[in-house]
Amino acid sequence: NSFVYELVSGQWQLKGEILNTPRATPATGTCISADGNFIVVSTHQQAYAFQYNPEDNITETSWVPVGTFPADARFGYTRVSCSTDGRTMAIGRPSTSGWVGSVSVFQAVESEY
Numbered sequence: 001n002s003f004v005y006e007l008v009s010g011q012w013q014l015k016g017e018i019l020n021t022p023r024a025t026p027a028t029g030t031c032i033s034a035d036g037n038f039i040v041v042s043t044h045q046q047a048y049a050f051q052y053n054p055e056d057n058i059t060e061t062s063w064v065p066v067g068t069f070p071a072d073a074r075f076g077y078t079r080v081s082c083s084t085d086g087r088t089m090a091i092g093r094p095s096t097s098g099w100v101g102s103v104s105v106f107q108a109v110e111s112e113y
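First residue of the sequence shown? That's 1 in the working numbering, and the numbers climb one at a time after it.
Derived by calculation from the structure, the hints in this document are not laboratory data.
No residue lacks a Cβ here, since even glycine has one placed at the ideal position from N, Cα and C.
Among these hints, one or two may not hold up.
Between beta-carbon pairs, the in silico distance windows are [unchecked claim]:
| # | residue 1 | residue 2 | range |
| --- | --- | --- | --- |
| 1 | 44 | 67 | 27 to 33 angstroms |
| 2 | 35 | 90 | 15 to 21 angstroms |
| 3 | 54 | 103 | 29 to 35 angstroms |
| 4 | 107 | 9 | 16 to 22 angstroms |
| 5 | 53 | 8 | 16 to 22 angstroms |
| 6 | 10 | 54 | 17 to 23 angstroms |
Given these sequences and hints, build the entire structure.
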């Protein structure tokens, strides 16, 4: 699990817990939107997007998974970057052979990336 904190009046306060996030490794990437309400976490061959929902009283967390990535998306050990609103993200994939890597750009359309 991951925990998200927010700086409020000079004090760090827990903004919520994200359940079932991948285990952090040196190859894990993260990005957060400017308003702090979208987070993307990536790890080996996977990326996960979450949105803050303070009114979600049904689950144990205020962070809920958002959208899905295409089933054929291959990320490798990934690095991520996202737009200020968190709705567009670039996910890198290093070289699998030779010295050529790639970057895939995803934009949220409703609940899908």
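query = Hint by hint, which ones does the structure fall short of?
reply = 1 and 4
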